[in-house]
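Trainee: Since chain A is already given, all that's left is putting chain B on it; use the hints.
Line by line, the protein sequences give chains A and B.
Quick note: the first sequence uses the working numbering, first residue 395, plus one each step.
Quick note: the second sequence uses the working numbering, first residue 433, plus one each step.
No wet-lab data here; the hints were simulated from the structure.
From a predicted model like this one, the values you see are computed outputs, not experimental measurements.
Virtual Cβ for every residue (Gly too), placed ideally from N, Cα, C.
It is possible that part of the hints are untrue.
Said to hold, decoys possible - Okay, the calculated beta carbon distance ranges per label pair:
| hint | chain 1 | residue 1 | chain 2 | residue 2 | range |
| --- | --- | --- | --- | --- | --- |
| 1 | B | Glu-705 | A | Lys-426 | 23 to 31 Å |
| 2 | A | His-405 | B | Glu-692 | 37 to 45 Å |
| 3 | A | Leu-490 | B | Gly-474 | 18 to 26 Å |
| 4 | B | Gln-741 | A | Lys-426 | 30 to 38 Å |
| 5 | A | Glu-617 | B | Gln-741 | 54 to 62 Å |
| 6 | B | Gly-515 | A | Pro-496 | 47 to 55 Å |
| 7 | B | Ser-504 | A | Ser-611 | 29 to 37 Å |
As the list claims (entries may be wrong) - Some, not all, of what chain A presents toward chain B, calculated at C-beta under 8 Å:
| hint | residue |
| --- | --- |
| 8 | Glu-400 |
| 9 | Ser-524 |
| 10 | Met-534 |
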Amino acid sequence: MDAPPEARLCHSVSLTGLACCEGPVDCLPWLKTRKMLKLMGKQDRLAVVAAGQAARQAGLDEETLRQRTGLYLVSAHIPFHEEDILPLAQHSTDSLGQFSMPLFSGPGLDQVNPLLTFRCLPNMPIFHVSYNLGIQGPSMTSFPGLGQFYQVLEQALWALEEGDIEVAMVGAVADQNNFLVDYHWSRQGLERPRPDAAGFLVLRKGQAGVAKLRSLSLTYDGEPGRAHPWGPVELIHDLAGAVSRHQAHTLDGYHLSSEWEWV
Amino acid sequence: MRVVVTGIGVVTPLGNDVTALAEGLLEGRSGASAITVFDPGGLATRIAAQVNTADLPAHPDRKWSFALSATSQALVGQRLEPGEGGLALGIGLDLFSMPDLIEYLREHGIPPERDRETFLQTPSERCVHDICRRHGLTYPPQVHVSACAASTDALGHAFLTIRRGSRRWMLAGGSDSMINPMGLAGFCKIRATTVRNDEPARASRPFDRDRDGFLLGEGAAVLLLEERESALRRGATVWGEIMGYGCSFDAHGISEPHPEGRGAVLAMRRALENAGVGADEIAYVNAHGTSTPKNDPIESAALRQVLGQRASEIGISSTKSMLGHLISASGAVEVASVLACAARGKVHGTLNLEAPDPLCDLDYMSNGPRTLASGRAILKNSFAFGGQNACLVLKGPDV
Chain A
395 MDAPPEARLC HSVSLTGLAC CEGPVDCLPW LKTRKMLKLM GKQDRLAVVA AGQAARQAGL
455 DEETLRQRTG LYLVSAHIPF HEEDILPLAQ HSTDSLGQFS MPLFSGPGLD QVNPLLTFRC
515 LPNMPIFHVS YNLGIQGPSM TSFPGLGQFY QVLEQALWAL EEGDIEVAMV GAVADQNNFL
575 VDYHWSRQGL ERPRPDAAGF LVLRKGQAGV AKLRSLSLTY DGEPGRAHPW GPVELIHDLA
635 GAVSRHQAHT LDGYHLSSEW EWV
Chain B
433 MRVVVTGIGV VTPLGNDVTA LAEGLLEGRS GASAITVFDP GGLATRIAAQ VNTADLPAHP
493 DRKWSFALSA TSQALVGQRL EPGEGGLALG IGLDLFSMPD LIEYLREHGI PPERDRETFL
553 QTPSERCVHD ICRRHGLTYP PQVHVSACAA STDALGHAFL TIRRGSRRWM LAGGSDSMIN
613 PMGLAGFCKI RATTVRNDEP ARASRPFDRD RDGFLLGEGA AVLLLEERES ALRRGATVWG
673 EIMGYGCSFD AHGISEPHPE GRGAVLAMRR ALENAGVGAD EIAYVNAHGT STPKNDPIES
733 AALRQVLGQR ASEIGISSTK SMLGHLISAS GAVEVASVLA CAARGKVHGT LNLEAPDPLC
793 DLDYMSNGPR TLASGRAILK NSFAFGGQNA CLVLKGPDV
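Bound conformation, chain A alone (with noise of 0.2 Å):
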């Protein structure tokens, strides 16, 4: 029997950057434009730092940034904070305290920034590393956990095994701890993840890196497990720690394991 045609691509590929951040970030030596700022949520910040540091760890200039780079990410649910939504819904409701839509779609919308909208776009951190690095390859966003980094992650080994590109930037980002999220957790009986983080890797083919990577694998029944949806983030702070070997079941089905050899 033919081996499937995911056994050729890990072959000679490299981890030639990585880098995380977690909690509050300072991501204007990033930025293009300062004015950007103001359209930036805690993921979009997150990620623009992890992304460009891990572009700096592994050298790559504007041209190949611009012209030879694919962009990968797994971003998490959607973070909408108390201090955007409680006014809303505050100046929604009525009298009797229920909710009203003449309020909502007046007063109660007058509370909101209209850049809320932008930042509540699963897409936001990945158009923020795509902006602020140059990046105009080709993508995959997705979310919201480890088994879609997974994911995310084979199709940028095939972008590089096809000769589409010849730099993948692979990343997760989360901002979970949140007013609404935060439930999502807790009622299947998981403890309140880590509060902020991003990471990002580097990966090129038959080039020296700070580690191989050796295998991949990615399969799926469905059946709950028990590794933590917030997990890609944690997965590349492991790697940061030089981790061989990552295996993992998740919550939402998937089974996940990839080896690392550490040069």
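Mentor: Same frame as chain A, but now just chain B:
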């Protein structure tokens, strides 16, 4: 390896099956009306293109219900081995319900850090796992969230998955509904949607001088993509072929396309190159065509760059002129629309194009449907907020 489309399921404002969709598009009907899904109150936009949900699976999340129906339709009578297939879906935002939030706050106040006992969202990706469970799919499902390009990206990645030999068949498409208070309010707040509330059927007018924003729509399309030889061996009905896929970033602005259509040009050229098709082989373009002031002239400029001197000779139309903008589902529903019309040897026109914008000076088919030249290639564009662009090269059923 060639990849053909052997099943199509749709849920649209013009009807919830392929026949109704094709008839509506070829008759030039609009799916727009006053919003009835909820009371839009004093929102600036009070019209949309809504789905009739009477015959759809009951589910509190409309996009989930749409996706279930479209998937089942695509699989009717197919007799496929689940272990050889997979799923790639472009899916809309997880949004919360403002009435639910207010009810929660009334009961509990602001939840303390460790006592957040309600959650008002339906995480969107759960729909994908539900479809896998119902249809016995065990290939890792893909969730695409590239906004208005999401379902085109899903189709593109599913196409590549089959062409590489990883799967024999894939279900791919998208589902979305943002016709809810938070969804519509967000678009109103940035003045993206039309406010032509008194004449819903004339509100979506891509490439027209008097366009004022997009008409929000909702719906789903799921296509069954299959390796051509195995599809022909089992005697499957072939709706068309996916020949190539390309995507790109503008790397320019959140809501403003690059002024010269840089990313759009890149995505179209990558799709053509991926398909091995020259620009001179394109017979029809199904445009992104949002009816927004910014998109339409820049898409026109990008098409001129890609198609060159032939740009003004090629028929181009916008499905959104009739269905509105289905956001994450738009690309897949528009591909389904193209193939549904192509099965009748036609391409649909652009509704409400009465006074063309001078900056949109290509052949936008304001006079209704035309005959599709047999065996010629079709280009499909999808461009998203955030400058994410995805394009497909297709062919009709004579493959």
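Trainee: Give a verdict on every hint.
Mentor: Cross-check of the supplied hints:
1. Taking 23 to 31 Å as the suggested C-beta distance range, the pair Glu-705(B) and Lys-426(A) conforms, at roughly 29 Å.
2. The beta-carbon spacing between His-405(A) and Glu-692(B), approximately 39 Å, falls within the hinted interval of 37 to 45 Å.
3. Separated by about 19 Å at the C-beta atoms, Leu-490(A) and Gly-474(B) satisfy the suggested range of 18 to 26 Å.
4. For the hinted restraint 30 to 38 Å between Gln-741(B) and Lys-426(A), the CB-CB distance of approximately 36 Å keeps it satisfied.
5. The given range of 54 to 62 Å is respected by Glu-617(A) and Gln-741(B), whose C-beta atoms sit roughly 57 Å from each other.
6. The hinted range of 47 to 55 Å is satisfied by Gly-515(B) and Pro-496(A), whose Cβ atoms lie roughly 53 Å apart.
7. Ser-504(B) and Ser-611(A) have their C-beta atoms about 31 Å apart, which keeps the hinted 29 to 37 Å range intact.
8. Satisfaction of the interface hint for Glu-400(A) is found here, the shortest Cβ-Cβ separation to chain B being roughly 7 Å, below the 8 Å cut-off.
9. The criterion of a C-beta within 8 Å of any C-beta in chain B is met by Ser-524(A), whose closest approach is roughly 4 Å, and the hint holds.
10. Given the 8 Å rule on beta carbons, the hint for Met-534(A) holds: about 7 Å separates it from the nearest Cβ of chain B.
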